[in-house]
Structure formats: C-alpha cells, structure tokens
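Chains A and B, in that order, give the protein sequences.
Sequential numbering from -18 applies to the first sequence in the working numbering.
Sequential numbering from 156 applies to the second sequence in the working numbering.
Keep in mind the hints are simulated off the structure, nothing from the lab.
Quantities reported herein were computed from a predicted structural model and do not represent experimental measurements.
Don't be surprised by glycine CBs; every beta carbon is placed ideally from N, CA and C.
Mixed in with the good hints, there may be bad ones.
What the hints assert, rightly or not - Pulled from the structure, derived: some chain B residues nowhere near chain A, Cβ distances all over 10 Å: (1) Ala216; (2) Ser221; (3) His222; (4) Gln223; (5) Tyr225; (6) Leu236; (7) Lys245; (8) Leu362; (9) Gln363; (10) Arg365; (11) Gln380; (12) Lys404.
To be verified - Derived DEER-like restraints, expressed as beta-carbon distance ranges: (13) Ser399/B with Met109/A: 38 to 48 Å; (14) Thr88/A with Leu248/B: 36 to 46 Å; (15) Asp186/A with Lys239/B: 53 to 63 Å.
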Amino acid sequence: MSACQSVGDDWLSSGFQGANATVAYWLNSAEQHRLEPEQLKQLPGAAIYAKLGENATATMVLSELDETPTYTVKRWVTQSEALTTRYGRIIRTQGLGQNLIYTAKQTTDPLGCWIQNVAAATNTCPTMWRSYQDIETSNARVSRVHSRHELNWRGEERVQTPLRGDIRTRLLEEQVSVLSPFQSDEMTNESLSTWNNFYWISLNDGVVVRSEQQLTPSTDNRILISEARY
Amino acid sequence: MPSSFKRLIHVGLLCVAVCSSPGSGQEISTITASVFIDGKQHEPLNHITFSGEPRLHNLVAQIPGSHQFYWPSARVCVPRLQKKLLLKRKALLVQLELIAGIYERQGANESLDQALKLKERISHWPLFATIQHGIEPDNLLGNARQNWALTNKYSHYTLALLSVPKYVTYVGLFNNAGRKPYRYKLLADALENTVSFTDGNLFEIDLQGRVIAITPANAWKIRQQPGSLFFRGIPQSELPSGFSDINNKAVELLRYWQPGKELNQTSSPCQV
C-alpha cells in the first residue's frame, strides 16, 4: 500500500499561514503569479510554472507526492487551482474553466516507460496508447473524449530553468487523436481532431522539465508547464 | 466491463472510543476507518485508526492509487442521515399510496397502475445518504472548507467511491428501466423518442447530484453524461391536486442513489 506523502503539509493545511510572505503574495495577487528565481528559493518545496491558453503564468507548488515502483503522481496547487500529473502527464485538473476530471487506462500509459528510458539508444516502450478522458465543461456538463496517443522521440534540446540553469533534454512528441465518440471502440481509427503534446525530459535525471499538453481539442485548454523549482 | 463499473470503495469510519487523556483532562477521540473495494472489504485498509479529529484529506490520502478513481462519484454516508433519508422514502411511498387511492376512486386504471408501479420501484432504490456529492481531492490541503473534519458527532462514516461510470440508468416509469451503456448522445436520442418531453415528468440527475428537468427546449441540445440517472415520473397534468410535487420529491431521493448500483440492488451499509 502506498500513501500520499504531503509535501509542506504543515504550511498548506494551516491555510498557508506558515508560508512566507512571498507565497502569500503570489497566491493572492491577481497580477503577479510568476515567481522570480530569488522568490522561488524561498519556497518550501518544488514548484512549476503553468500557463493555460492565453492566461497569465501561474506558479504552482507541489502539495503531494505519491510515489510507488509503478507510478509517480504529483499534485500541484495554487490557492484555487490544482493539476495532478502522473509521470508528467496531466491526469486531472481542478479550478479551471473546463476540468479534466478523469483519465482512463492510466496503468497502460507508456509515458512512464519512455521517461525511464530517456537515455536508451533504442526504444523498447509501447508507442501507442488509447484512453478516454472525462471533461467537465464550463456549463457543468461532463463529456467523455476517446483518444489515441502515439509517442516518438524528436531529438535533443536544451531547456533553461530558473534555478538549475541549462538542462539537456530529449524531446518526446505525442500525437493525440480524438476518436469519433460514435465509434470509440478499440478497432476505430477515425479521428476528429489531432494535436501534438511535447515533453522535454532531462537526460540526466529523467525529470520532465517542460511540457506542452492539450486537454481537449480546444487550444484554450493547452497547458504549458515548466520546472520552476526542482 | 461490469466488474470495473462495480468497483467501489467503501470507507467506513467508526468512532470507537472517546476517552480522556491521563492527566490532561482533554478528550481524545479515536476514529477508525475501513475500506471496501469493488464492494468488498479491502484487507490492508479495513481498519484504519485516526486519533484526534482527522480531516477528509487524511482519509483520501490512505487510499492507494486515489488518482485513478472517479471522485465526482464519491459519497460520504453517516447513519443519522441514512435514517432520515429512509424516512423520506417512507413518506413518499405513503403519498404514492394516497395518489393510487385517488386514481382508484376516479376509475383511472392506467394512472393507478403507474402510481403503484412507481411506488414499488421506489421502494427498491439503493439509497445512500451523503454529506456531499463528489470530492475534489487535489486541493484539499489548501481548502479548509472542503477539507472538513470527521468528528465524533456521527458515530460512523462511510465513503463510497466508483472507479469509473460506464453506464446511465433509467429509473421510474420507463418501460425499459435499467442500466444502459453510456453513449455520447443527445438526451433526446438517448431516450430514443419513447417518451414525451412535454409532460413535465422527465429529469436527469447527474453524478454530482445536479438535477435537470428535461424539456423540449433542452432535450435536443444537451448530451447525456456518464453515470447519470434518468427519471420518468407521473405526467404532471395527471397528478391529483395537492400532490403536484411528487415527481420532485422522487428526484430528491434519486440524488441519493448510490453510484454504481443497479435497480433493485441494495445500497452499501453505512455502519460496520
């Protein structure tokens, strides 16, 4: 059995009172959500920058870490929003205009395998994955979206991070196809919409230091995540 | 897959002791929890003990792989609420009996059959009282209001959770009442044009307890949702004077249908 490990539990559960003024500032400020490196150093734990669509960039802190031999799940929060990632993939959101409330077939998601083998010369991981996601729309209705995912390496890139500097990464491209909701069985390949997700994975430690992920066919639901504090 | 649909987690929290801490004079309550998965007790989690006043997050954090479950389906039951809910059902059944009597005196045999059928079906609904419909587990630590304390005010708590809803369920006076695979369909298509949308007796109750009256205006605009219940009651125009709210009362009960349960299944117990 694995239990969630709360990161910074004391200061979060006490209504952020234990956090320093910097944290309180970005949680409450409508204008400034992106912490500078000096401010990041004062945070008690890991943090990411997250940008949804055309919205301003927010800094989100790691509130919980659920780590087992088969998965690593992280919960990132601001005061009113939350992202849950599994091996870097967003599997649930909370507090956004539209929210991903469920991601199916997580146990067969090959993304973790690709991450663990980031430095391997040849790929041994499955390239295809089928899933479905339940999205709660802004009018509080839930739609189920069936999707097909195809993963492929796209060479090496260097990614700049605020505190760890320049990081050498390998770029993983994921082509996502939304399948016809009327023909969403395993044999169907007809797609209604297609986009690409990207994951920049550190060649040194396998951390996803940056990603671009789209939750629905609408680009309004495209989220850019980058490492702020490791 | 039916087995995955049935996948339920029940967490029972039992306040087993309220004792005094020696020397402190302070009361310390002990609350235990037990977990059921797929309607069955989950061995490693069948007896969790919390000291003091645990909060909802303490409970959620105990569940392995909690990110894989369907949290809008979460229900938190306590016996006192369950008793009240069952009393509400009894009251509704009495009202339906009265309605049936009126129809009988009027010689309205078709309406009489409807009232009796509805009464019989409601008596078997798997009702499960809940403090809230759905849990948003990802930011509980930062939200004290959502992360409420499990206190010894109630002797026992039960959390029921569904892995993923793959069905919708037709209840009430539908001829084809029962569970159907969820499909991405307009409400009108999902109901297969077998019913009239103008009778004021059709409702959708979603997994989060939200109710929508289905009308000609929305039946062709909105799609069904996974896990929803569809209720067909007695046509509004046929309800006797003084009983015009009978369908609404039935819908209020349906908000407490235990997710994942089929017609005529019994709900999970609130108590150990």
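Original post:
Which numbered hints does this structure break?
Top reply: 1, 2, 3, 4, 5, 8, 9, 10, 11, 13
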